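Letter by letter, the chains look like this.
2 protein chains.
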Amino acid sequence: MKCRFEEYLKSLISENYVVEEAMNYSLLARSKRLRPHLLLTVLEDLDIDGSEGFACAGAIEMIHTYSLIHDDLPAFDNDDYRRGKLTNHKMYNEQIAILAGDALLTLAFETIAKSSYSAEIKVKLISYLASYAGKDGMIKGQQFDMDYENQQVSIQQLSEMETLKTGKLLALPLICALVIARREEYIETFNKIGLKLGLAFQIQDDILDVISSFQQLGKKTQSDEYNKKSTFISLLGLKEAQETFKSIYSEIYAIFDQLDYCFKETRNLIASMEKRNW
Amino acid sequence: MKCRFEEYLKSLISENYVVEEAMNYSLLARSKRLRPHLLLTVLEDLDIDGSEGFACAGAIEMIHTYSLIHDDLPAFDNDDYRRGKLTNHKMYNEQIAILAGDALLTLAFETIAKSSYSAEIKVKLISYLASYAGKDGMIKGQQFDMDYENQQVSIQQLSEMETLKTGKLLALPLICALVIARREEYIETFNKIGLKLGLAFQIQDDILDVISSFQQLGKKTQSDEYNKKSTFISLLGLKEAQETFKSIYSEIYAIFDQLDYCFKETRNLIASMEKRNW
Numbered sequence: 001m002k003c004r005f006e007e008y009l010k011s012l013i014s015e016n017y018v019v020e021e022a023m024n025y026s027l028l029a030r031s032k033r034l035r036p037h038l039l040l041t042v043l044e045d046l047d048i049d050g051s052e053g054f055a056c057a058g059a060i061e062m063i064h065t066y067s068l069i070h071d072d073l074p075a076f077d078n079d080d081y082r083r084g085k086l087t088n089h090k091m092y093n094e095q096i097a098i099l100a101g102d103a104l105l106t107l108a109f110e111t112i113a114k115s116s117y118s119a120e121i122k123v124k125l126i127s128y129l130a131s132y133a134g135k136d137g138m139i140k141g142q143q144f145d146m147d148y149e150n151q152q153v154s155i156q157q158l159s160e161m162e163t164l165k166t167g168k169l170l171a172l173p174l175i176c177a178l179v180i181a182r183r184e185e186y187i188e189t190f191n192k193i194g195l196k197l198g199l200a201f202q203i204q205d206d207i208l209d210v211i212s213s214f215q216q217l218g219k220k221t222q223s224d225e226y227n228k229k230s231t232f233i234s235l236l237g238l239k240e241a242q243e244t245f246k247s248i249y250s251e252i253y254a255i256f257d258q259l260d261y262c263f264k265e266t267r268n269l270i271a272s273m274e275k276r277n278w
Numbered sequence: 001m002k003c004r005f006e007e008y009l010k011s012l013i014s015e016n017y018v019v020e021e022a023m024n025y026s027l028l029a030r031s032k033r034l035r036p037h038l039l040l041t042v043l044e045d046l047d048i049d050g051s052e053g054f055a056c057a058g059a060i061e062m063i064h065t066y067s068l069i070h071d072d073l074p075a076f077d078n079d080d081y082r083r084g085k086l087t088n089h090k091m092y093n094e095q096i097a098i099l100a101g102d103a104l105l106t107l108a109f110e111t112i113a114k115s116s117y118s119a120e121i122k123v124k125l126i127s128y129l130a131s132y133a134g135k136d137g138m139i140k141g142q143q144f145d146m147d148y149e150n151q152q153v154s155i156q157q158l159s160e161m162e163t164l165k166t167g168k169l170l171a172l173p174l175i176c177a178l179v180i181a182r183r184e185e186y187i188e189t190f191n192k193i194g195l196k197l198g199l200a201f202q203i204q205d206d207i208l209d210v211i212s213s214f215q216q217l218g219k220k221t222q223s224d225e226y227n228k229k230s231t232f233i234s235l236l237g238l239k240e241a242q243e244t245f246k247s248i249y250s251e252i253y254a255i256f257d258q259l260d261y262c263f264k265e266t267r268n269l270i271a272s273m274e275k276r277n278w
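From first to last, the protein sequence lines are chains A and B. No gaps in the numbering here: position 40 of the first sequence is 40 in the working numbering, and each next residue is one more. No gaps in the numbering here: position 250 of the second sequence is 250 in the working numbering, and each next residue is one more.
These are computed hints drawn from the structure, not numbers from a lab. Everything numeric in this text was worked out from a predicted model, so none of it was measured. Honestly, I wouldn't trust all of these hints.
The list makes no distinction among identical chains, and a pair is therefore deemed to hold if it is satisfied within one copy or across any two copies.
[To be verified] Heads up, simulated BS3-like pairs for lysine-lysine below, C-alpha to C-alpha not over 30 angstroms straight-line:
| id | residue 1 | residue 2 |
| --- | --- | --- |
| 1 | K2 | K32 |
| 2 | K239 | K275 |
| 3 | K114 | K228 |
| 4 | K228 | K10 |
| 5 | K114 | K124 |
| 6 | K275 | K90 |
| 7 | K196 | K228 |
| 8 | K229 | K90 |
| 9 | K246 | K90 |
| 10 | K275 | K192 |
| 11 | K196 | K239 |
| 12 | K124 | K228 |
| 13 | K10 | K124 |
| 14 | K228 | K90 |
| 15 | K275 | K2 |
One chain only, chain A, in its complex shape:
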């Protein structure tokens, strides 16, 4: 299924000019495809063929990729490497990177609008994508991330920021799968799981940032310390950060245990993320 999804992604953008090339450069870069994987796994648990999720999973991956391209720009993190290769603006230039990001964001909505879902489902998916990625979701998290540079913030502020910046885009594929499967009764629960997962993911990133090397992550480590940002490590220390991480995971497992339907593969996937070293 992962190979088929990768082939699907490759089929989306024909490279007629440089912005399209730059879109593919970042979209098709080596990636765990975590968000698509989450979406396809929820569908699997609901006995729905993963190919029915491709259009929406592709759209979410485009939004994730656009956010990385813009976030790497000199005006933001000014990163040189991403996913083990040069960032988009380093490979091309700032103009092209900004346009490639804009074009991926736009294509995300176009991909859903032109997919084979019913009109009602398309509209719901587009609503969720826009509201989770937009000014009340991921973008708000990015703004907070900027605000918190070079200043001491509370653990609550940092948690809220990461929940918006990362959690929203991890909750999104879970929710979208439920929309596609017409099992919307689980949306509220999976929204909670996704947001907690995002927070755990970021704490884990901070932990890995401290203990990993360039070779393992494929990007510069300890860049947050370099940028003088507050992190879960700088606020809590390594040991308490690790405990907080485990406690959030316990909450996630407890939510799964209370569900009246067994989302076994989804739970397994999320559990496997607890052990990640990437």
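Knowing the structure of chain A, use the given hints to seat chain B on it.
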């Protein structure tokens, strides 16, 4: 109707944090609202209340505004003034300007998805918005615009670039009005009108850029000459540029004359643009 639309625009974004403030700063700046006006006027010709067009007209104005914010950035035109006041990144900073643009683009799709149109009409509108503003439309024009900096281009290249960069976003409101009114038999014709209008608009901009002053335009004039870009004036000279402009307008009027329905107000609006000095 224009006042009511302006009130509608003001009601869309509550200013809870700085990116939302920056979105409104540019979206609510003094503007002729040309694209919304085109959409509402086609609806008027089809005896449909303009308020039915507000959501889509607002979405198109958001896309237009996002494109201006990103186009003004230091990586692009590096402009200091827009619509008679400081550009977004000069008023705030580059990070906020990039995010405000991203957020307006996202909100455009969300606004249509959450509007009161039928699901089928929402999907059609979103498809047109994305394809006309995206990598095969406006963004492609922006890329060509970058490519053509500091080099001599042909009149065909310049025309294609302006048709994409400006024409697509002038055809869009005409087409969307026909979708909302369920009069899609006119889409092909109005697409042609819109693209020609965009080309005429840019030739006119070049003419005005040469003959106008800062006070009339509210932005720096002759910036294209400063940037060493090819313009219709530099390629054709003032007199031939004016003749080309008139000839495109004749083509537009001829298309209106061949229509089996009288789009009187739309024709009047487009005719009034022929005389503009802004």
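To see whether the hints hold, each was checked on the structure:
When the C-alpha separation of K2 and K32 is checked against a cutoff of 30 angstroms, the pair qualifies only within one copy, where the shortest distance is 10 angstroms, while the shortest distance between copies is 49 angstroms. Proximity of K239 to K275 under the C-alpha cut-off of 30 angstroms is restricted to the intra-copy arrangement: shortest distance 16 angstroms within a copy versus 71 angstroms between copies. In this assembly of identical chains, the alpha carbons of K114 and K228 never lie at most 30 angstroms apart, being 44 angstroms within a copy and 40 angstroms across copies at closest. Within a single copy, K228 and K10 get their C-alpha atoms no closer than 38 angstroms, and across copies no closer than 38 angstroms, so neither meets the 30 angstroms cut-off.
With identical chains, the CA atoms of K114 and K124 are at most 30 angstroms apart both within one copy (14 angstroms) and between copies (9 angstroms). In this homomeric assembly, K275 and K90 never come within 30 angstroms of each other (Cα to Cα): the closest approach is 32 angstroms inside a single copy and 45 angstroms across copies. For the homomeric pair K196 and K228, the shortest alpha-carbon distance inside one copy (25 angstroms) is at most 30 angstroms, but the shortest distance between copies (52 angstroms) is not. In the homo-oligomer, the alpha carbons of K229 and K90 lie at most 30 angstroms apart both inside one protomer (23 angstroms) and across protomers (25 angstroms), since each shortest distance falls under that limit.
Proximity of K246 and K90 under a CA criterion of 30 angstroms is satisfied in neither setting, with 37 angstroms inside one chain copy and 44 angstroms between copies. In the homo-oligomer, the alpha carbons of K275 and K192 lie at most 30 angstroms apart inside one protomer (21 angstroms), although the nearest pairing across protomers, at 57 angstroms, exceeds that limit. Taking the closest pair of Cα atoms, K196 and K239 come within 30 angstroms of each other only inside a single copy of the chain (19 angstroms); across copies the shortest separation is 65 angstroms, beyond that limit. For a Cα distance limit of 30 angstroms, the shortest separation of K124 from K228 qualifies neither inside one copy, at 40 angstroms, nor across copies, at 46 angstroms.
Proximity of K10 and K124 under a CA criterion of 30 angstroms is satisfied in both settings, with 26 angstroms inside one chain copy and 25 angstroms between copies. Taking the shortest Cα distances, K228 and K90 sit within 30 angstroms of each other both inside one copy (23 angstroms) and across copies (25 angstroms). When the C-alpha separation of K275 and K2 is checked against a cutoff of 30 angstroms, the pair qualifies only within one copy, where the shortest distance is 20 angstroms, while the shortest distance between copies is 58 angstroms.
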